[in-house]
Amino acid sequence: MAKMTIREALSRTIREEMERDSNLIILGEDIVGGHGTAGGPEAIGGIWGMTGGLYAAFGAKRVIDTPISESCIVGAAAGAALAGKRAIAELMFADFVGVCLDQIYNQIAKFRYMFGGRGTCPVTLRIAYGAGLNCAAQHSQAVYSLLTSIPGLKVVMPATPADAKGLLTTAIRGDDPVMFFEHKMLYGETGEVPDGEYLVPFGHARLVREGTDATVVTCGAMVNAAAGAADQLAKDGIACDVLDLRTTSPLDEEAILDSVEATGRLIVVDESPPRCSLATDIAALVANKAFSSLKAPIELVTAPHSPVPFARELERAYLPSPATIETAVRKALAYR
Amino acid sequence: MTRDQLISAYRRMKTIREFEERLHQEIATGEIAGFTHLYAGQEAVAVGVCEHLGPKDYIVSTHRGHGHCIAKGCDVKAMMKEIFGRRDGLCKGKGGSMHIADVSVGMLGANGIVGAGAPLALGAAVAARMDGEGKVAVAFSGDGACNQGTTFEAMNMAVVLKAPLIFAFENNHYSEHTGDSYAVGARDMTTRAAGFGMAAHKVDGCDFFATHNLMAEVIAYCRAGKGPVAVEFDTERFYGHFEGDPQRYRAPGEVERLRTTRDCLAAFRAKALDDGSLDARTLDALDVEVRSLINTAVEEARVAPVPTAADVLEDVYVSY
Numbered sequence: 001m002a003k004m005t006i007r008e009a010l011s012r013t014i015r016e017e018m019e020r021d022s023n024l025i026i027l028g029e030d031i032v033g034g035h036g037t038a039g040g041p042e043a044i045g046g047i048w049g050m051t052g053g054l055y056a057a058f059g060a061k062r063v064i065d066t067p068i069s070e071s072c073i074v075g076a077a078a079g080a081a082l083a084g085k086r087a088i089a090e091l092m093f094a095d096f097v098g099v100c101l102d103q104i105y106n107q108i109a110k111f112r113y114m115f116g117g118r119g120t121c122p123v124t125l126r127i128a129y130g131a132g133l134n135c136a137a138q139h140s141q142a143v144y145s146l147l148t149s150i151p152g153l154k155v156v157m158p159a160t161p162a163d164a165k166g167l168l169t170t171a172i173r174g175d176d177p178v179m180f181f182e183h184k185m186l187y188g189e190t191g192e193v194p195d196g197e198y199l200v201p202f203g204h205a206r207l208v209r210e211g212t213d214a215t216v217v218t219c220g221a222m223v224n225a226a227a228g229a230a231d232q233l234a235k236d237g238i239a240c241d242v243l244d245l246r247t248t249s250p251l252d253e254e255a256i257l258d259s260v261e262a263t264g265r266l267i268v269v270d271e272s273p274p275r276c277s278l279a280t281d282i283a284a285l286v287a288n289k290a291f292s293s294l295k296a297p298i299e300l301v302t303a304p305h306s307p308v309p310f311a312r313e314l315e316r317a318y319l320p321s322p323a324t325i326e327t328a329v330r331k332a333l334a335y336r
Numbered sequence: 337m338t339r340d341q342l343i344s345a346y347r348r349m350k351t352i353r354e355f356e357e358r359l360h361q362e363i364a365t366g367e368i369a370g371f372t373h374l375y376a377g378q379e380a381v382a383v384g385v386c387e388h389l390g391p392k393d394y395i396v397s398t399h400r401g402h403g404h405c406i407a408k409g410c411d412v413k414a415m416m417k418e419i420f421g422r423r424d425g426l427c428k429g430k431g432g433s434m435h436i437a438d439v440s441v442g443m444l445g446a447n448g449i450v451g452a453g454a455p456l457a458l459g460a461a462v463a464a465r466m467d468g469e470g471k472v473a474v475a476f477s478g479d480g481a482c483n484q485g486t487t488f489e490a491m492n493m494a495v496v497l498k499a500p501l502i503f504a505f506e507n508n509h510y511s512e513h514t515g516d517s518y519a520v521g522a523r524d525m526t527t528r529a530a531g532f533g534m535a536a537h538k539v540d541g542c543d544f545f546a547t548h549n550l551m552a553e554v555i556a557y558c559r560a561g562k563g564p565v566a567v568e569f570d571t572e573r574f575y576g577h578f579e580g581d582p583q584r585y586r587a588p589g590e591v592e593r594l595r596t597t598r599d600c601l602a603a604f605r606a607k608a609l610d611d612g613s614l615d616a617r618t619l620d621a622l623d624v625e626v627r628s629l630i631n632t633a634v635e636e637a638r639v640a641p642v643p644t645a646a647d648v649l650e651d652v653y654v655s656y
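Quick mapping for you: the protein sequence lines, in order, are chains A and B. Residues 1 to 336 (my numbering) are what the first sequence spells out, left to right. Residues 337 to 656 (my numbering) are what the second sequence spells out, left to right.
In isolation and in its complexed conformation, chain B is listed as follows (with noise of 0.2 Å):
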């Protein structure tokens, strides 16, 4: 990887770390409405996959879905003030944390339905496939997602249409609640992707190097027209599945033991300092810009106008 390629992605996964852990922060305040579901720990499998992309794929995300957006290239400070309920936020205060979205950039929205991406990114990558340019489409699931029905679909569809699309399957070991080992009645997702007939990969995503080589590889034989693969991603979720998830299913000391052997970021920084690839100074300088835009992100969507009652009716339909 080259420098800027380097900072590109630490930068993203930065951003992304940081943009969680202060979401963490006010939504204990009681500022943020909703539901939240946070993306910390995870980041190396969003921007492992996303540094490939172009801003004519398209990527479906999750629930868990303001990593995948960030990666993406959504603006920070709209996603901000969207997740703030602000009428000028990326979806206008309509669709907040769980749907948010921009289409604009390729990224077809964070879903609140487990399981319901995977067709929908069937269908961008049919789209893509038209256009005959290399396009490729990502349909981010996890563990939870990988039992629905509607992925199996997805995976026989792709299949069977050879469609240019990878199945990014994030096992992060918890379905809401529940552990991998009860839910996904087989040895492991990458063996159940490739009983449908295509190609399968496994990789530790909290290795964001490991797993940005694994995807040149992987999107490249997409683009290349061979059709679909999917890809498990071993990562970690370092918050519940919802932010107010007492998180009583976790074993004591379990994310303190995460996040001391499993931080994809810590993991980053120390294989750029040791193998010389990025100086401690430019690692700070990138940390304190990111700090400073999630600061201004956060002062931003406090102040930012709120919507009014007249805007509930706006955008049902294109045409009435």
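Chain A on its own, in the form it takes in the complex (with noise of 0.2 Å):
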């Protein structure tokens, strides 16, 4: 075990993965920076800092620095993944996915269904996402909701080091397209990572917080928010279990289901908006599955109805938070 950020987490296992692998490509925009710059190749190694130093080890024909061109960066990164390749592509940020849906949607998700079977589109699309830096609507948001709903896609949110090291391995060896979302405000996060090989699988939701009182179920930066609530409610005797998803598709229906099961309340804290919705999502499934053990209504937690506003006090108050999730634990307790 090693203690790291996020950030490093994930820039270790490109490298790992890349030295591993040597069908393995990288592309984005400014990943190695600096192309016809006086600065030179290297000058940025990714805005996320994570894809220093790829170039110099691997080379241009697998460290690939594009123009802006998100259509064709995730597009390339398919035909490459279908010709045989494996593909990890970078969208600066999960708004951009605007910019390129159509081959996010309409191609990489459907090729191996459309195609009968044969052939295989092994792309890690990895996205930063999230609010947090009062980057306003265009730079902020948490398109996991929408991304979620695409069958042929898998979604994946690390909120460790360690789920960042064993879901970005996973991910990249993996046969299937997936969408690999992490939190602009969780590359700093710091924790423990596992020495050598390390696979977290899909579809294992983490329990973050135990408790027989709620069952809180959340993904990405919301798990923190959300073992906040816990641990303040803690102090007033009321145990939650917190549910960390780590994928909404595949979605750990059991581990859902399970703790509903036992604690007959559920908070689903959703930091994308509320429509359509990984939380109405959740809700739909305990309703339909697990309606008979509810003691209370489903309580979301969700970003509002609106685009992420500009102003620290806007965005704080768009943001779900571990008071307004409290709030929600409680509200779901004092049903009757």
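Among these hints, one or two may not hold up.
Dumping the calculated DSS-like pairs for lysine-lysine here, alpha-carbon to alpha-carbon at most 27 Å [stated by the list, open to error]:
(1) LYS61(A) to LYS413(B)
(2) LYS538(B) to LYS562(B)
(3) LYS607(B) to LYS562(B)
(4) LYS392(B) to LYS413(B)
(5) LYS538(B) to LYS498(B)
(6) LYS498(B) to LYS61(A)
(7) LYS61(A) to LYS392(B)
(8) LYS498(B) to LYS392(B)
(9) LYS413(B) to LYS498(B)
Source of the hints: derived by calculation from the structure; they are not laboratory data.
Two independent chains are provided; combine them into the complex using the hints.
Next up, the structure:
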């Protein structure tokens, strides 16, 4: 075990996987950076600081610094994957999914199915997402709900450095396309990371806090907020199961249903807006499959149905917080 | 060209033509579901390009993709079954006409999204370059797709990366139901492609020999690692945008005129007979052979088993 940040865990994993598999390529904007400038290649190494040194180690054929052309980044990753390679592609901001949605939605998600199982598209699309940096409506969104709704994609969100390593390794080595969401506010999150080979299987939620009074289901950066709320509630003797889904597709239905059957109360915490969201999806799952276990209405703590605002006060009001989660848990517990 | 090369090219062109003419009849009976876009008229392009490719080279096709499939070596009977929606079709009845593919022969898919193919072909070219065996990729696009931003992105990135990629623009003069003189906002696609900084050529895509000759040069250039090339093929679409298209945008007698004056198969035959490179008996025998193959393909497709509801959830993922 070694203590490191999520940024370091991701960076090391990318490098180790590039070393391990000469068939693996990585492409994106400014992942090398500095091409065509006085500073020269490696002047940037990725705006999130995770791809520095790859160019020198693996060369231009495998570490492909692209023009600002998101459709082509995703499309080229997909084409290379169809042609027998593996690809990590980077979208600087999750909002840019809007620029290249066709390549995600109509192309990589569909190939295996449309081609009758003949062909695979092993692409890991690393997507920096989420609010917290006051980047406003076009650089802050949590678009994982949108992509979770698409058959053919797997959707992954690490909340710890260990999961960052384990889930990214699983994503890169798997044969399905993976939407790998990295929360911008979590890059500096520190924690112990297992040494050597470490894979976390998809579809297995992580129990972050344990308790029998209520179930809080969440993912990504909301895991810390939910854990914070649980710790606060614990002071009043209220014990919550906090489930970090880790992957929203596949979804660990069993873990959610088992917990709700034990607690009878469900709070879903979701950074995306509420309509057709992860929150409503899980609420529907539980209402459908564990209705008789419920002792209170399901509480949804989500972003509002609005774009992400700019000003600090507005962004704070936009995001679910430990306080809003705590309120929701207390509301569920007060229901008679 | 050697006699064997001529025979191979004619056989493929004729196979595409017969396949499409037969589909035109079969679709009219209502037996085939969905949208079908026929390639008849453009055979010299697919074959003129793909005769220079091997199974390790890649192509990405369009919604009008049957011709590219046949030219790249997809199994014709399995293709017919796919278009009939059969369980043992090329894509198990999951793709149909618009999404037909066979990755194992380097045919990375027809594509229902106009303009989606060029970025994919760029990726295949990136993969080809990594392997260092002189492999190339071809992005087939029409005059419709040539106006999509994705195509522009791919042209720019191909130049930046010096990718072994050929942009094959088949100008059949109609993007769906709109003329290229209206929709292509440049003098021609060749000029536009040249503006991205790549070599660009124009050729009569109804003249197989001109096409084949030019592509020998173009593909050798790409295989040598000299970067991407664009080629605009002046070609003709004998049918509508899709089967069932009333084609009200055509001039009176236009299709008859095209079939008389711009038929690449007729031109091939005339030239081969004229210069004595193939005799009529050989060509007639190929016609009979191809017709028989298409007949068999249709007969087998008609009686092939259909998929079941249980197949719906298969192959959404590799691992579940």
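Hints and how they fare:
1. LYS61(A) to LYS413(B): Not OK: LYS61(A) and LYS413(B) at ~38 Å, beyond 27 Å, violated.
2. LYS538(B) to LYS562(B): This hinted pair holds, its Cα atoms lying about 19 Å apart.
3. LYS607(B) to LYS562(B): Violated, because 33 Å separates the two Cα atoms, which is more than 27 Å.
4. LYS392(B) to LYS413(B): 22 Å, holds
5. LYS538(B) to LYS498(B): 21 Å, holds
6. LYS498(B) to LYS61(A): Since the Cα atoms of LYS498(B) and LYS61(A) sit roughly 11 Å apart, the hinted pair holds (cutoff 27 Å).
7. LYS61(A) to LYS392(B): 19 Å, holds
8. LYS498(B) to LYS392(B): 19 Å, holds
9. LYS413(B) to LYS498(B): 38 Å, violated
Consistency note: the structure conflicts with the earlier hints numbered 1, 3 and 9.
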